[in-house]
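Q: Heads up: the protein sequence lines correspond to chains A and B, in order. In this text, residue positions in the first sequence follow full-length UniProt numbering: the first is 1, and each later residue adds one. In this text, residue positions in the second sequence follow full-length UniProt numbering: the first is 1, and each later residue adds one.
If you are wondering where the hints come from, they were derived from the structure by calculation, not from laboratory data. Cβ atoms here follow ideal geometry from the backbone N, Cα and C, with glycine treated the same way. There may be inaccurate statements among the hints.
Over the 10 Å line for every Cβ pair with chain A, so calculated as not near, a few chain B residues [to be verified]: (1) L84; (2) D87; (3) L106; (4) P202; (5) S258; (6) S310.
Which residues of chain A face chain B? A partial, calculated answer using Cβ under 7 Å [stated by the list, open to error]: (7) F28; (8) Y112; (9) V121; (10) M130; (11) L142; (12) G145; (13) I148; (14) L152; (15) F281; (16) A288; (17) A292; (18) F294; (19) T295; (20) A299.
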Amino acid sequence: MRHGVARFVTGFLALPVALYLFYVVWPFAQAAGYSLTDWGGYSDSQRFVGLDNYVRLFSDELIRKAFWHNVFFLVTVPLFTIALALFLAFLLNVGGREDRAGIRGVFGSAIYKVIFFFPQVLSLVVIAVMWQQIYRTDGQGLINGLLIKIGLVDADNPIAFTADPEPFLGVPAVLWWLLFIAVWSGAGFYMVLFSAAMQSIPKDIYEAAILDGAGRFHTFFKVTLPLLRDSISVAWVYLGFIALDMYALVFVMTPSQGGPNHASEIFASVIQFNAFQKGQFGYACAIAVALAIFTILLAALQLRITRRERIEF
Amino acid sequence: MSTVTHTSGPARSDTAPPSRPPADRRPKDAGNGFGGRIFNGFSHLFLAVWAIMVVYPLLWVVMSALKTDSEVIREPLSLIPDALQWDNFARAWTAGIDSFFLNTLLVLVFSVTLTMLLGSMAAYALARYEFRGNRLIYWMFLSGLTLPIYLAAVPLFKGVYNTGVSLPLLGPNKHLMLILVYVSWSLSFTIFFMHSFFRTLPDSIAEAAQVDGASHTRTFFSVMLPMAKPGLISIGIFNVLGQWNQWYLPTLLMQSVSGEPKNQVIAQGLIELSVNQGYKSDWSGLFAGVTMAMLPVLIVYIVFQRQVQSGLTAGVGK
Numbered sequence: 001m002r003h004g005v006a007r008f009v010t011g012f013l014a015l016p017v018a019l020y021l022f023y024v025v026w027p028f029a030q031a032a033g034y035s036l037t038d039w040g041g042y043s044d045s046q047r048f049v050g051l052d053n054y055v056r057l058f059s060d061e062l063i064r065k066a067f068w069h070n071v072f073f074l075v076t077v078p079l080f081t082i083a084l085a086l087f088l089a090f091l092l093n094v095g096g097r098e099d100r101a102g103i104r105g106v107f108g109s110a111i112y113k114v115i116f117f118f119p120q121v122l123s124l125v126v127i128a129v130m131w132q133q134i135y136r137t138d139g140q141g142l143i144n145g146l147l148i149k150i151g152l153v154d155a156d157n158p159i160a161f162t163a164d165p166e167p168f169l170g171v172p173a174v175l176w177w178l179l180f181i182a183v184w185s186g187a188g189f190y191m192v193l194f195s196a197a198m199q200s201i202p203k204d205i206y207e208a209a210i211l212d213g214a215g216r217f218h219t220f221f222k223v224t225l226p227l228l229r230d231s232i233s234v235a236w237v238y239l240g241f242i243a244l245d246m247y248a249l250v251f252v253m254t255p256s257q258g259g260p261n262h263a264s265e266i267f268a269s270v271i272q273f274n275a276f277q278k279g280q281f282g283y284a285c286a287i288a289v290a291l292a293i294f295t296i297l298l299a300a301l302q303l304r305i306t307r308r309e310r311i312e313f
Numbered sequence: 001m002s003t004v005t006h007t008s009g010p011a012r013s014d015t016a017p018p019s020r021p022p023a024d025r026r027p028k029d030a031g032n033g034f035g036g037r038i039f040n041g042f043s044h045l046f047l048a049v050w051a052i053m054v055v056y057p058l059l060w061v062v063m064s065a066l067k068t069d070s071e072v073i074r075e076p077l078s079l080i081p082d083a084l085q086w087d088n089f090a091r092a093w094t095a096g097i098d099s100f101f102l103n104t105l106l107v108l109v110f111s112v113t114l115t116m117l118l119g120s121m122a123a124y125a126l127a128r129y130e131f132r133g134n135r136l137i138y139w140m141f142l143s144g145l146t147l148p149i150y151l152a153a154v155p156l157f158k159g160v161y162n163t164g165v166s167l168p169l170l171g172p173n174k175h176l177m178l179i180l181v182y183v184s185w186s187l188s189f190t191i192f193f194m195h196s197f198f199r200t201l202p203d204s205i206a207e208a209a210q211v212d213g214a215s216h217t218r219t220f221f222s223v224m225l226p227m228a229k230p231g232l233i234s235i236g237i238f239n240v241l242g243q244w245n246q247w248y249l250p251t252l253l254m255q256s257v258s259g260e261p262k263n264q265v266i267a268q269g270l271i272e273l274s275v276n277q278g279y280k281s282d283w284s285g286l287f288a289g290v291t292m293a294m295l296p297v298l299i300v301y302i303v304f305q306r307q308v309q310s311g312l313t314a315g316v317g318k
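Pulled out of the complex, with its shape left as it was, chain A reads as follows (with noise of 0.2 Å):
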């Protein structure tokens, strides 16, 4: 019997396992290696210079501009996503008539929720060129083209959008642009993770809620958000992946992949320019192996701080 165990966990794990190895494991053990040497990418000839690709990341302009976007992103998508799900989630589970049984959703609530989760189903790219289509910095874009009809921006002078560099309370047009795209694209699915939490406490604590006097405000604040706190944890750190990979986006959106001017940079873009368009292999690697570092990091705080009791019911 123990050796019919042994053959069928080798059995069923060793064709995963070794996919896994050749095309996930390997390629990331490689790149840490190659972040170790000044290869280009295209010779043969690479060279071990030991840490100073590490070194050099940390005067390299582009690589400090590249880490603030991500952290701008790091604190807005999630703070805005999460904001705006619970508001329609909110709206949604007690905007409707108060009865004798409670608070009650809004009508149409079904069909909202349908609606709402529509970009989630999305690719990304079809949301890239979606968008700029809408975001064209002529009349011909969706919102340029209204703003102008109903005079609220010169025809000779439109939004500029992904093309605008210009800083808005100090962080780039553009990136503000682009996050405007991800909170549009991911609140519906929150709201439908966030209503599903709802919707699971159990209705004796809102009775007992409302027997007490409390109204739909105080029953949100005091009652539901704190019961949602794991569900809102769970969202952060998923949120928190998202926009550290924001790249397809800049990737479509933005004039030469991280611009105008490189003011969209992220990590992810960085990474790009220095490998493909630079031929910077060797850096290229290093600036990756600092990003998964603040990655991994990342996701340890954030699991540390989000890891509270559970209220059980």
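For this one, chain A is given, so just place chain B on it according to the hints.
A: For chain B alone, coordinates are given in the frame of chain A:
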């Protein structure tokens, strides 16, 4: 609206601590009055505005796909074309969308099936059997969730290129290679998800099957796998959408090496189309391409919306 009455109303606030407003002693249906109705109206207004913000761009893309090019330029905002230009779709279809679809389907049929099969097999072995190295393998798979794909990009491209020299079918721009790459990169989350799922299944049924003489393999395929169906549906939807939407791996790996045409998948092809259409100013063709890429998924979603919503949110909730 009751918060307003709380802050302005109570007369005894001079002694009560300011942080906690006194409990509202009105009967519970008091909110159903004027304030309740205003709030109800506000809810509808805000929800409707957001719904329009979601639907309008999508609708705009679909309707622009049915306009003539000059109409797209002349009347960019209108949602109603003068006449429906179905040939935009024909043009976009033959301009490359047909092969994008074919390549995507060809890859996805095999990659999703294989991901599900290998992922649940590995997850099952890791979740329900104790052996040396179990934890190590599990953590190896899990670590793939945190590492950014860009880190692996350059060596992965090199590796695929080198493999292609001796095994042409696994080289760049080959369907089989992309299938195996998709499977490998989807294993982490699939195993992570199914692992926790197999852990929750009761031992007694598996034991009963073994007492009846079923082998380990047979127990898995005819007893445990059917029991894990809800989990499989969830992760299946997740993988279909994830691999359908994948754009970075194909952009990296489906590159033409020796002048042969690229076997592009839909997301990758759409990026290229959006760049090229810009040069040709074939805007209606681009809109038609985007429409064709998004409508199938949207329709499948609308039909199976309950499963898709719960499947995808379950993927996050774990």
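Q: Does each hint fit the structure? Answer for all of them.
A: Hint-by-hint comparison with the structure:
1. L84: holds (19 Å)
2. D87: The assertion about D87 (chain B) holds, with a minimum of 20 Å to chain A.
3. L106: holds (18 Å)
4. P202: Given that every Cβ of chain A is farther than 10 Å from that of P202 (chain B), nearest at about 20 Å, it holds.
5. S258: holds (17 Å)
6. S310: violated (8 Å)
7. F28: F28 (chain A) check passes; min Cβ-Cβ to chain B is 5 Å, inside 7 Å.
8. Y112: Holds: closest Cβ of chain B sits about 5 Å from Y112 (chain A), inside 7 Å.
9. V121: holds (4 Å)
10. M130: holds (5 Å)
11. L142: It holds, given that the least Cβ distance between L142 (chain A) and chain B is near 6 Å, below 7 Å.
12. G145: holds (5 Å)
13. I148: Interface hint status for I148 (chain A): violated (10 Å vs cutoff 7 Å).
14. L152: Since chain B brings no Cβ nearer than about 14 Å to L152 (chain A), farther than 7 Å, the hint is violated.
15. F281: Holds, about 5 Å.
16. A288: holds (4 Å)
17. A292: For A292 (chain A), the interface hint holds, since the closest Cβ of chain B sits about 5 Å away, which is under 7 Å.
18. F294: Where the cut-off is 7 Å and the nearest Cβ of chain B is about 9 Å from F294 (chain A), the hint is violated.
19. T295: With a minimum Cβ separation of about 6 Å from chain B (threshold 7 Å), the hint on T295 (chain A) holds.
20. A299: With a closest approach of 5 Å, the A299 (chain A) hint holds.
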